[in-house]
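Chemist: These are the residues of each chain, in order.
2 protein chains.
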Amino acid sequence: MELELVTVGTELLLGFTIDTNGAEIARLMGTIGVRVSRRTAIADRAEDIRSSVGEALSRTRFVITTGGLGPTRDDITKKAVADLFDAPLEFREDIWDALLERYRRLRRVPAESNRTQAEVPRGAEVLPNRWGTAPGIWLEGPAGTVVMLPGVPLEMRMLLQHEVVPRLAGRTAGRVVRSRTLRATGIPESTLADRLGDVESDIAPLTLAYLPGLEGVDMRITAWDLPPDDAERRLDTAAERIRSLAPDVLYGEGEDDLAALVLDAARGRRVRLAVAESCTGGLVGARLTAVPGSSDVFDGGAITYADWAKSEMLGVDAALIAEHGAVSEPVVQSMALGAARRFGALAVAITGIAGPSGGTAEKPVGTVWLATAQGDEVRSSRMIIVGTRNEIRARAAQAALALLWRRLQDVRTAPSP
Amino acid sequence: MELELVTVGTELLLGFTIDTNGAEIARLMGTIGVRVSRRTAIADRAEDIRSSVGEALSRTRFVITTGGLGPTRDDITKKAVADLFDAPLEFREDIWDALLERYRRLRRVPAESNRTQAEVPRGAEVLPNRWGTAPGIWLEGPAGTVVMLPGVPLEMRMLLQHEVVPRLAGRTAGRVVRSRTLRATGIPESTLADRLGDVESDIAPLTLAYLPGLEGVDMRITAWDLPPDDAERRLDTAAERIRSLAPDVLYGEGEDDLAALVLDAARGRRVRLAVAESCTGGLVGARLTAVPGSSDVFDGGAITYADWAKSEMLGVDAALIAEHGAVSEPVVQSMALGAARRFGALAVAITGIAGPSGGTAEKPVGTVWLATAQGDEVRSSRMIIVGTRNEIRARAAQAALALLWRRLQDVRTAPSP
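As given, the protein sequences belong to chains X and Y, one line each in that order.
Using our numbering, the letters of the first sequence map in sequence onto residues 1 to 417.
Using our numbering, the letters of the second sequence map in sequence onto residues 1001 to 1417.
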């Protein structure tokens, strides 16, 4: 089965916004064996919407649109497609009631402009949107089917997964594109590629792509155009082969978040966690608390950006800072020990030079000292990270999580809290 | 002047790669007054290339393609467009020599398949590519003009800047697309739209787009196809008109980061800053320290995720938490006052229920209390934020920055540090 995507939004065409919805829809469709054969991005103009959706229907009889379902005047997808199908828009009390109820829960009052969000082309099926105000719309007619989804990425994704995929899964026939991603951290892409050697020919016809990012290097293995069972079996074998070549740097799969794995490991070992952050300024705490349920094991920490704050909040001896500088092994160790003591926790500390200024010949921009401490036992290490200020900070935060994760792998037993 | 983009590449359609070239071309074209009216992504299939380029030419008579110029079998853009123009491919010795020279410099030997990269449709102009092996191609015919660029982002960008823009700049007759973005926060999109009423007709022919995001709602005003001076003048007037309708919620323009504006305001008023974060877990600190030079005014703060940490780090009375709960006005005020005292700073405190669990009828998920304090003076407010855990946290962090920003606007004079 094939379909086309039509992305509506002048913003996307101007290039101010990068379209990530298109890629996401294509990937998800691939997993159920539906192929996206063309993607068209057009402006918020009724004529362009009618013509591009009409042409797409003439080629594939199935079109997904994103964008243009909001309450403002430039949201005209629904009207344009309704016109194309000769299906007048009808105000639907049930949608309006659901919207009113949503606003009541949030203690807000909908604006007059929200009323258009309760209008639906006659004969269309409504795809309820629990994640926002614009429902999706499934419209069938003699020319084919158009599924209209909102452009907000979260809402689009949720409607796609919960409403569109289940309806399409039955219509497809047998061959799929499936991929699996293994996540590595603490190793440069080229070193990882050297370690894996000629693994590409071992896993053929599956392909391997290296995707370096701020959290490390992802490796995506893809099985193309195979029956689902065969694809899964080959992916298992390929993943096993790659894991055996780099077991120490592989921490997860797919969307695995290192912060969540750290929290799970700490929970399993009854260890509580705390942070002491200088150059990352709260990033590690933010990563940990982004995970639901983190309060089980994470108590908090100190953001000690100024030197005096390191002394005030963590008990770092001011003389130590004066002698070695704030970015040094003695200071990071003292920060970690101070946080571990204060919070009765396994603590990680980070101090570094995020730039763009502040570097010296001895301590260039990107120099980061990290330490973990539990009780009196402290371990520290230094990294030199290349990149912009934000890359240095994000990589330092990921490295801090990796240190916690490795240290938690060592812990066999821990005292009850 | 209008043109269309046609992006060739099965990888892009499968969604494993996100197309950033399209956005980049559109932005650059906008600055010289060329409007991208449609973007089409297709697979490496000759028939699809011929039909989509042909249709695009029939609409705009000018098309840029990216991708499909490499040496492998799936690189068929050149052949397909040549067929569409009835222009046979011809082997060009000069291109082949340049390619051999390039390989010699890199101490490599070209493969036999590289010979196809020296083939050019008869009558085409070659756009030399110093950044890779595939030259760009400029082909004109009765149907219009097709410019073929490689898909590798760096090569595409360089050819666009050095070869395409100079050739087009002369044709646009001094008319440009210019836009300006006003940033609002602390107001829902629909309420903002109601406040602005029928401003779209006031500012016509300029257009207005609402772009809601985690930092608030951006409003992009765009002037289409006008002489540069006229465009700027009308943008000024339109921005002024919109600002006058919502002065209290507009904090910046373009890429302005509220954290940077807060730091600037604090710097200008000689106020130092600190944070006390519960549900945001370090996000506000991370936002502030993401800005280079933040150490001028930001000293640090406490991440007090556990209740006891609020007492230990910020001196919040445990009885207050027991009586009112951690997410309450008395507790957020006490957190802010504690941080203000400890850091001798203007402090912002945040405590809330980020979900997905932990909500009650009285305090639903998304309930967030915020406070700012300086000395003994504390101000607090409550929000109920809709969204996922991460949206709630990101919006709460932005709201905390907005409170600091507004409070700093009030400060006329402040004591020297």
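Treat each hint with caution, since some may be false.
[Said to hold, decoys possible] Heads up, incomplete: computed chain Y residues facing chain X, CB under 10 Å, no partners named: (1) 1045; (2) 1055; (3) 1072; (4) 1123; (5) 1127; (6) 1130; (7) 1132; (8) 1293; (9) 1354.
[What the hints assert, rightly or not] DEER-style ranges, computed between Cβ atoms: (10) X:212 x Y:1073: 21 to 31 Å; (11) Y:1236 x X:123: 30 to 40 Å; (12) Y:1104 x X:293: 53 to 63 Å; (13) Y:1130 x X:123: 40 to 50 Å; (14) X:390 x Y:1072: 30 to 40 Å.
It is worth saying that the hints were derived from the structure and are not from the lab.
Glycine included, each C-beta is placed from N, C-alpha and C at the ideal position.
Chemist: Does each hint hold? Answer for all of them.
Modeler: Here is how each hint holds up against the structure:
Interface restraint check for residue 1045 of chain Y: the shortest CB-CB distance to chain X comes to about 9 Å, inside 10 Å, so the restraint holds. At its closest, the beta carbon of residue 1055 of chain Y sits 8 Å from a beta carbon of chain X; the interface hint therefore holds under the 10 Å criterion. About 14 Å separates the beta-carbon of residue 1072 of chain Y from the nearest beta-carbon of chain X, more than 10 Å, and the hint is not met. A hinted interface residue such as residue 1123 of chain Y counts as satisfied when its beta carbon comes closer than 10 Å to some beta carbon of chain X; here the least separation is about 29 Å, so the hint is violated.
Evaluation of the residue 1127 of chain Y hint against chain X yields a violated restraint, the C-beta minimum of about 21 Å exceeding 10 Å. For residue 1130 of chain Y, the interface hint is violated, since its Cβ never comes within 10 Å of a Cβ in chain X; the closest pair sits about 25 Å apart. Look at residue 1132 of chain Y: its Cβ only gets to about 19 Å from chain X, farther than 10 Å, so that hint breaks. Hint status for residue 1293 of chain Y: holds, given a least beta-carbon distance of 8 Å to chain X, under 10 Å.
Below 10 Å, beta-carbon pairs count as interface contacts, and residue 1354 of chain Y has one with chain X at about 8 Å; its hint therefore holds. Take residue 212 of chain X and residue 1073 of chain Y: their Cβ atoms lie about 27 Å apart, and the range 21 to 31 Å holds. At about 47 Å, the CB distance of residue 1236 of chain Y to residue 123 of chain X disagrees with the hint of 30 to 40 Å. For the pair residue 1104 of chain Y and residue 293 of chain X, the beta carbons lie near 60 Å from each other, so the given range of 53 to 63 Å is met.
Checked against the given bound of 40 to 50 Å, the beta carbons of residue 1130 of chain Y and residue 123 of chain X, roughly 57 Å apart, lie outside it. Separation of residue 390 of chain X from residue 1072 of chain Y is about 36 Å and conforms to the stated range, judged on CB atoms against 30 to 40 Å.
Comparing the model with each numbered hint stated earlier shows that hints 3, 4, 5, 6, 7, 11, 13 do not hold.
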